[in-house]
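Q: So you can see what is in the structure, the chains are spelled out below.
There are 8 protein chains.
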Amino acid sequence: MKQAKDKGLSLDFVYPQTEHDLSDAIGEQILGEQPGDYYRDEAASAINNFRTTVLMEKADMVIALFGDQYRQWNTAMDATTAINKGKPLIIIRPKNLIHALKELSNKANVTVETVEQAVQVLEYINQ
Amino acid sequence: MKQAKDKGLSLDFVYPQTEHDLSDAIGEQILGEQPGDYYRDEAASAINNFRTTVLMEKADMVIALFGDQYRQWNTAMDATTAINKGKPLIIIRPKNLIHALKELSNKANVTVETVEQAVQVLEYINQ
Amino acid sequence: MKQAKDKGLSLDFVYPQTEHDLSDAIGEQILGEQPGDYYRDEAASAINNFRTTVLMEKADMVIALFGDQYRQWNTAMDATTAINKGKPLIIIRPKNLIHALKELSNKANVTVETVEQAVQVLEYINQ
Amino acid sequence: MKQAKDKGLSLDFVYPQTEHDLSDAIGEQILGEQPGDYYRDEAASAINNFRTTVLMEKADMVIALFGDQYRQWNTAMDATTAINKGKPLIIIRPKNLIHALKELSNKANVTVETVEQAVQVLEYINQ
Amino acid sequence: MKQAKDKGLSLDFVYPQTEHDLSDAIGEQILGEQPGDYYRDEAASAINNFRTTVLMEKADMVIALFGDQYRQWNTAMDATTAINKGKPLIIIRPKNLIHALKELSNKANVTVETVEQAVQVLEYINQ
Amino acid sequence: MKQAKDKGLSLDFVYPQTEHDLSDAIGEQILGEQPGDYYRDEAASAINNFRTTVLMEKADMVIALFGDQYRQWNTAMDATTAINKGKPLIIIRPKNLIHALKELSNKANVTVETVEQAVQVLEYINQ
Amino acid sequence: MKQAKDKGLSLDFVYPQTEHDLSDAIGEQILGEQPGDYYRDEAASAINNFRTTVLMEKADMVIALFGDQYRQWNTAMDATTAINKGKPLIIIRPKNLIHALKELSNKANVTVETVEQAVQVLEYINQ
Amino acid sequence: MKQAKDKGLSLDFVYPQTEHDLSDAIGEQILGEQPGDYYRDEAASAINNFRTTVLMEKADMVIALFGDQYRQWNTAMDATTAINKGKPLIIIRPKNLIHALKELSNKANVTVETVEQAVQVLEYINQ
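Chains as they are written, first to last, in my numbering: chain A, 1 to 127; chain B, 1 to 127; chain C, 1 to 127; chain D, 1 to 127; chain E, 1 to 127; chain F, 1 to 127; chain G, 1 to 127; chain H, 1 to 127.
Just so you know, the hints here were simulated from the structure itself, not pulled from any lab data. Using N, Cα and C, we set each Cβ at its ideal position, and we do this for glycine too. Be a bit skeptical, because a hint or two may be false.
[As the list claims (entries may be wrong)] In silico contact screen, one side only, chain E against chain F (beta carbon under 8 Å); selected entries:
no., residue
1, M56
2, A59
3, D60
4, M61
5, N84
6, V110
7, Q120
8, V121
9, Y124
10, I125
[Claimed, not checked] Sample of chain C residues facing chain B (criterion: CB under 10 Å; computed from the structure):
no., residue
11, M56
12, D60
13, N84
14, K87
15, V112
16, V115
17, Q117
18, Q120
19, Y124
[As the list claims (entries may be wrong)] Taking lysine-lysine and the DSS-like style, the derived pairs with C-alpha atoms no more than 27 Å apart in a straight line are:
no., chain 1, residue 1, chain 2, residue 2
20, G, K5, G, K58
21, F, K85, G, K5
22, A, K58, H, K58
23, B, K95, A, K85
24, E, K58, F, K2
25, G, K58, H, K2
26, A, K58, A, K5
27, A, K87, C, K87
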């Protein structure tokens, strides 16, 4: 995150695949054409889950960013896996998602509203 | 589930709190009035998560039912916890949610479209 | 707990040794006289920890009751063990202990102020 | 610890937040003003627990220092978490706390009375 | 197993789906026709793995029977899962499979050549 | 144990194979003659370890009895496994074995000198 | 793998012992002549399993390559251990093994048909 | 080990405290005089167990060397802990200890008779 670098924090950030089209296409790109949308999605999600699992396993903490645009059940899944693996979790979500995220927020270590606040939590680790 | 009983399966079903109003109100009902919506939600979700955790811990398998009405991040969280705990998981979701649920579906043991199909999977255990 | 029985909850309650004198004396009572207070305490706590471990292992949930009288580091230890083992934990503590218990309360599933409230949480499991 | 450095031990020490005022204020500092003391404490402890969890996860051993001044239930919680995670634990406590800490001391790997003694235990690892 | 009953052992036996045709067809039977053999196999194996996982989780010990007819990679997978979960494992295999099964046999608790011998091991538990 | 029954404790006791000759012969008895003493011992110990694992998995606590007669490395192994599995462990050993058993005793929950004392610890669970 | 190096991926690859004759002979080579084929196999597989366990423990992900030549129960065992340890697993298998590998494939993270495809999955981690 | 260095293996070896007198005296050396032999042994073993735990936690594999001189219940305990933690274990023991060590040997990954053979197993990891 740019904000973290600006503050001089020496952290490495890795992300789930954020290029949405690549994320959806990667299954057929590697495994070849699939017989319909369901199978295309299954092939893509297998590879995206593989990628996320490899990266999360190496992470010391996890930040989950929720917004209004998508249903983000994959974000909820990855955030929950962080909780269950004991990897400290920060959730970032706008005020209007408080109600919808209340159970996940209750299990997260810290919930904030802005990326700036999340960076402040990271900064605090070394204070 | 009625369908399971009709087929003579001797299974006990327990559920997350499905009475929506009670689920939202339980925090203030037990802990007293809270200073605003955020705190009301936090109090309620603490008690709902406590309840779900107690019940899931005793379950041999978990069925997660997704629909169009809510964002259901709590369902995604509970389903992921089942996966992480090694409790076999069936996801039920309508066809139009295939894309949104693809990553969670990839990690579930079985994904079906109807309650009837989920009951058939349960039946198969004893065949 | 009497309150739980009055409400018709079919729960079995087990407790750490609450007879304070027996708890302090049990080491010498079984192992014979020890060479000083430190050794008397070590012998007693070994046996009390053995007892608590056996009982907690069989528990589906744990309730930790904090008050003003003792330092209760053993209660904090047993409550933390419940958290670490994934056993759902309710903390009961009076208002004046909010500040001192804030970190443990943050990790507990639910924190309440009275035994009556804890019983309401237990009741809610079956609602 | 200065004593460890003086002896030439090449160990890195990290600590829970020891600046007491910052530790209490960090919640409101990051998340904004909270509606009362309870909520201020909850916000602060969430962030302090996040910080301690990140640091302890990286630690090879844990030293818990008990004194007379505070109730230190958070210290007891962190020490117990070290035990439950299998991270070797040294407790440092003055003689007058022997009785109050007897159960936690029984579960710790080693209990000593002075920082100097704890450093001697660390030194012994490389002997 | 008939031999165990004849000896009066009070054990309950559950099995992977041994009706081969049902095992292969169960995916399409529940989920509807699939677009080709690969998808038919994937659907069937998801449900068979669900079934085996539910049953093995309840088992106190596991017996894996290897023969010449099939490649039995699923048997090797289920046997390995038993090992990794700490469920005591007996492998039954004919002499001519010694070489092919040597690594799995090395990790199993006991390897025998006949069902009769496996039953003798079960009998020995109560001797 | 007779002493536990005399006191009216409703506990079930299971044991490692205590009939020494049967324990040594069971490998060849089930698997047939082995090519020498080493192989006879390996065959027997596989089956004895299988038996002990099944029984210990079902135990709520473990009692290890050390004496002067044998080297009892298997007892030390089974006692350590109990510790590592979090099963509360009582060690019974005569005074003259204090020095040889000091490290294992340090990790056990409780160490006593007589069967009578161990039974008193068991009695205390229900007091 | 040559393909991964050609693409500039900075990964270290370690393998089970692929020199088949050495793999079969290593037991007698280190432990001396064994009394027959069964004992020769047992000695060799103990050392090969030791080697594979050491190497897999250090791996961030696991790739299992199945072919027509051998029964490869050891490959199935090692692949399953990767799954059970939460190490992301890619299976490579030719089309004609789809049916025989369907249960293991269902539990793997990703299944592909060629080494080239597996390398593409590895590449995708850093995209 | 000198043999491993002679062969050019780049391994770091750490050991339990092998200076027997220091090992016995370390408790009183750090904690001061204890009231009798039992308490002296308890103090020493706490610190020795702390040391061994720290070192073993960092080890990738464990080698346990048994001989005729001592009862070595601590060696059996440490070796069993390696097994239970999934750290690959080599046991070295002379022929005359085969019978006494048969159960532990059955659970170890590899058992050899000489240090030279153990080094050959280590060498094989990189072959």
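Q: Could you run down the list of hints and mark each one as holding or not?
A: Hint check results:
no. : hint            : in the structure
1   : M56             : violated (14 Å)
2   : A59             : violated (11 Å)
3   : D60             : holds (6 Å)
4   : M61             : holds (6 Å)
5   : N84             : violated (14 Å)
6   : V110            : holds (5 Å)
7   : Q120            : holds (5 Å)
8   : V121            : holds (6 Å)
9   : Y124            : holds (6 Å)
10  : I125            : holds (5 Å)
11  : M56             : violated (14 Å)
12  : D60             : holds (6 Å)
13  : N84             : violated (14 Å)
14  : K87             : holds (8 Å)
15  : V112            : holds (7 Å)
16  : V115            : violated (12 Å)
17  : Q117            : holds (5 Å)
18  : Q120            : holds (5 Å)
19  : Y124            : holds (6 Å)
20  : G:K5 <-> G:K58  : holds (20 Å)
21  : F:K85 <-> G:K5  : violated (43 Å)
22  : A:K58 <-> H:K58 : holds (18 Å)
23  : B:K95 <-> A:K85 : violated (31 Å)
24  : E:K58 <-> F:K2  : violated (32 Å)
25  : G:K58 <-> H:K2  : holds (25 Å)
26  : A:K58 <-> A:K5  : holds (20 Å)
27  : A:K87 <-> C:K87 : holds (18 Å)
Going down the numbered hints, you'll see the structure goes against 1, 2, 5, 11, 13, 16, 21, 23, 24, while the others check out.
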